[in-house]
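Chains A and B supply the protein sequences, listed in that same order. Going by our numbering, the first residue of the first sequence is number 1, and it counts up by one from there. Going by our numbering, the first residue of the second sequence is number 150, and it counts up by one from there.
It should be emphasised that the hints constitute simulated quantities derived from the structure, not laboratory data. Yeah, the Cβ is synthetic: ideal placement off N, Cα and C, and Gly gets one too. One or more of the hints may lead you astray.
Label-pair distances were calculated between CB atoms; the ranges are [said to hold, decoys possible]:
1) B:Ala-649 <-> A:Gly-37: 40 to 46 Å
2) A:Ser-24 <-> B:Asp-310: 42 to 48 Å
3) A:Ser-24 <-> B:Asp-546: 21 to 27 Å
4) B:Ala-385 <-> A:Gly-129: 38 to 44 Å
5) B:Asp-310 <-> A:Met-1: 33 to 39 Å
6) A:Ala-64 <-> B:Ile-326: 37 to 43 Å
7) B:Arg-381 <-> A:Ala-120: 27 to 33 Å
8) A:Arg-87 <-> B:Ser-495: 51 to 57 Å
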Amino acid sequence: MSIGGAFYAFDRYRLRGLVIDPSSVSGFLFHTPEDKGGPHASQTVEQAWDVVRALLPEAVDGEALEGTEALGCIYLTASHVERAAARLARRSVPELVARFTGEPAQFAELYWAKTWQGGAEELAGFMEGVKRFFAEAAARRDAVVFYIV
Amino acid sequence: MRIPPPRSPRRKPLAWLLLVVGGFLGAHRFYLGSYLGGAAQLLLLLVGVGSLPGARFCLGLLGPWLLFDIYWVHVRLKRQDESDAARRPAAKTYDLEALSHADALRERFVAAAEMHDWARAVALSEQIVANARKVFKGPHQNLAMSLCMHGQACCQFKAFDEAKASLEESLAIGRQIGMPAEDMDIVRKALAMTVAAIGEHHAARQLRAGLPAGRGPGDDTVLLGLLEDQERRYKAAFERRDLALAERLCAEAVHTSRQLCGEGGLGKAVVLHLIHHAEFCRQLQWHDKAVSLLDECLAIIDQLGLDDSWRLGPSNTLALLHAGAGRSDEAEVLYKKTIAMAVALSKGNSTDEVVRAFNNLAFLYANTDQDEKAELCYARAMVHLDKLAPEETGEGDADLHADLLINFAQLHMARNEAEHAKPLFERALAIQERSCRGISTSAAAAHNDLGLIAQEQGDLREALKHFKRTLLLNQICAPDHFGNLANAQRNIDNVSLALAAVARAARLEPST
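Kindly produce the complete structure, drawing on both the sequences and the hints.
Shown next, in the form of structure tokens:
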């Protein structure tokens, strides 16, 4: 079974409860509808989570959250999200993808690196999606969780 | 309408054998249910073998009739086949893939139920029921038991309406298909438990809302639901620090609670929401409105003859309003009254209310430069705090305990007594760590002061650690308090600059 990841944006005042009780994160992300305070938006990066993390470190520049059911979980407060969105807006996805595909050896250790070097177009789609996602989350002053399962 | 009992099927080979062997006796006709025909054939035979007139004619009639019966038996047996086919239920060809999917879902449901993850269990049982409806396309024991599972999960999840509907449908299907008695018992027990849980839930809702007991579940359900919704929304708005919205929603909740409390609009529910409304008005600096709400609240408490425990909250808020308006004398009088009420209610024991009352008065003294009185009150509050259940048990109001320790520590800080302040801040942090993993604005305040102490003592790394924690906690707990965020960031920047300067100096003057 492969490992995938996704970003979830939600009301910034919900974050405290999740940090206090990390075991509630999966229930909140997957079983709480938006009208009951659940996530406003999500952006999957599927099995490219490691590649995206390496190419767009700003998107995961938050705090690790232990005790969830995930293989990895990082949260970003509204302040983190605003800063990340500003930094991501300055990044050029085509340049990053070109570097990733142009220097395969440098990224060989990343999860499913070869696959994404072959599917650079889809990878670029994910990365543009992450940029858009952060811009929208920052506009709403949302908090964000990056969840790897 | 009377439904005829089904006839037992006739065996084809025997019918043909009887025609061949005993046809002249009408045996095949008797066997296939044509009793009149059989009797007629027997009569023809008896007359034919006797010496009566017309015997030959009878035998002559019987011969062709038996020949005709070859065709008759064939038609009769064919009809029997058709009628059997019509009566026999259609062969069920179930979707095996869907059934195996249902089994997998059932296993996951059991696992979720064992972990008491009822949200997940409800989601899974919904899928199981949908699956059963798709596979069985009508009443079936599997569907009935799936509905029963779903009902039980919904009941645990407090989705009582859905639980009741599912269990009632399960019972109806069970009756329709004649489900085994033991399975019917399971469904009936689950339904009885759900109905009992609905009653308990309704009573708890009324109690929570401060409504008079004894109303049936059907009474005022809509208003009660509305009140709960308004309460949830104003609390959520307050948590978001959207005070204007919280105040508006709370005013609506007060109105709804007046309607629920019937004639005169007097009831505990009204008092509860008035207290919140006054608090929101106080925080919005609408002091006059807050005071009038509290006056009304205290008047209702008097009219209802409620005990002093109901007066503590509004008296405190009123005292805060006086203190905020610079009327410290009036505030002091009220705080002293709340201390007396709290002590009387606790019958001389230490309770959170007593601690809160002393803490409030001490805070007033500290803010009016009466440090000695403040210290005395804080010390008394600390004595009561120490007499409460050990903090490790997690009992009591952890926020109150932490606030008291932080307030007292800040008094020491104001008097440059860092050595007294530090252990109090650390104890407050330990309490917060146990109650909410240290994720609170109180913990942020404690970290900030500990950072200042460390900075003053020259431990810049420790100070930086505390200031960073302060910033993160404020970002999580009070993301819209930009002033606090800016202060924390400024402290981090200052300490970082100082650390960089120290590092630069160390590089310029290497130790010999």
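| message | Are any of the numbered hints broken by this structure? If so, which, sorted upward? | response | Structure breaks hints 2, 4, 6 and 7.
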